[in-house]
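Protein sequences appear in the order of chains F and R.
For the first sequence, the working numbering begins at 1 and goes up steadily by one.
For the second sequence, the working numbering begins at 1 and goes up steadily by one.
Please keep in mind that the hints were generated in silico from the structure rather than gathered at the bench.
C-beta: ideal position from N, C-alpha, C; glycine also.
Watch out, some of these pointers could steer you wrong.
[Said to hold, decoys possible] Interface residues of chain F toward chain R, partial, derived using beta-carbon atoms under 8 Å: (1) GLY43; (2) ALA86; (3) ILE89; (4) PHE102; (5) GLY103.
Next come the chains, spelled out residue by residue.
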Amino acid sequence: KNQVEQSPQSLIILEGKNCTLQCNYTVSPFSNLRWYKQDTGRGPVSLTIMTFSENTKSNGRYTATLDADTKQSSLHITASQLSDSASYICVVFNNAGNMLTFGGGTRLMVKP
Amino acid sequence: NAGVMQNPRHLVRRRGQEARLRCSPMKGHSHVYWYRQLPEEGLKFMVYLQKENIIDESGMPKERFSAEFPKEGPSILRIQQVVRGDSAAYFCASSPLGQGSYEQYFGPGTRLTVT
Numbered sequence: 001k002n003q004v005e006q007s008p009q010s011l012i013i014l015e016g017k018n019c020t021l022q023c024n025y026t027v028s029p030f031s032n033l034r035w036y037k038q039d040t041g042r043g044p045v046s047l048t049i050m051t052f053s054e055n056t057k058s059n060g061r062y063t064a065t066l067d068a069d070t071k072q073s074s075l076h077i078t079a080s081q082l083s084d085s086a087s088y089i090c091v092v093f094n095n096a097g098n099m100l101t102f103g104g105g106t107r108l109m110v111k112p
Numbered sequence: 001n002a003g004v005m006q007n008p009r010h011l012v013r014r015r016g017q018e019a020r021l022r023c024s025p026m027k028g029h030s031h032v033y034w035y036r037q038l039p040e041e042g043l044k045f046m047v048y049l050q051k052e053n054i055i056d057e058s059g060m061p062k063e064r065f066s067a068e069f070p071k072e073g074p075s076i077l078r079i080q081q082v083v084r085g086d087s088a089a090y091f092c093a094s095s096p097l098g099q100g101s102y103e104q105y106f107g108p109g110t111r112l113t114v115t
């Protein structure tokens with residue numbers, strides 16, 4: 001069964017600190033992995049999309065890593081800001097079924 | 001280039017009424033996806049459409065729910081005889097081609113409340 005598990009479910013950090021969010025998946029065959037940011041009351045916005053051959057991809061203060069062997073990805077946020085408070089969703093695309101599988105998300109709260 | 005547009009943003013229906021949710025994809029995008037997000041839960045895929053075709057409706061409840069994406073006009077997600085459990089945020093996304101390698105761009109969502 002295709003699954004995407006994210007941890008932690010929720011996280012509180014102080015402004016300026018770094019944090020890392022985890023994503024483990026069992027989707028097969030793997031095609032690509034995406035990280036989205038979803039602000040409360042809004043639609044998800046793409047942060048990165050990574051294919052099998054990519055290990056690291058950055059988007060400003062966001063850096064995603066992918067280990068296709070262990071089927072793990074992480075999203076590292078550097079020097080957090082209050083505006084980083086949101087849900088972060090890991091999504092994996094399965095080539096065979098033409099399906100996206102969504103993780104449950106990590107709710108991040110950045111406090112001043 | 002306007003993003004994905006959804007309307008209404010908020011919709012209140014009484015049990016038994018019909019709800020019609022509209023999605024206008026980004027300009028040039030011919031693929032539309034609908035997702036449902038229950039309170040405090042993640043997004044769940046419902047249906048994937050191209051113009052005039054349903055490609056994948058494996059996530060759609062078998063009864064009361066239907067979707068269309070006509071040649072002209074927005075995509076419509078229709079829920080008949082709504083029940084309280086239908087209360088959720090419904091998001092639409094679009095992409096220029098099939099969902100494989102292409103980014104999906106999400107709309108702001110329609111929040112449906114069934115009273």
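These are the hints, each one checked on the structure:
1. GLY43: Where the cut-off is 8 Å and the nearest Cβ of chain R is about 3 Å from F/GLY43, the hint holds.
2. ALA86: F/ALA86 check fails; min Cβ-Cβ to chain R is 13 Å, beyond 8 Å.
3. ILE89: Since chain R brings a Cβ to about 7 Å from F/ILE89, closer than 8 Å, the hint holds.
4. PHE102: 5 Å, holds
5. GLY103: 6 Å, holds
Of the hints listed earlier, the one the structure fails to meet is number 2.
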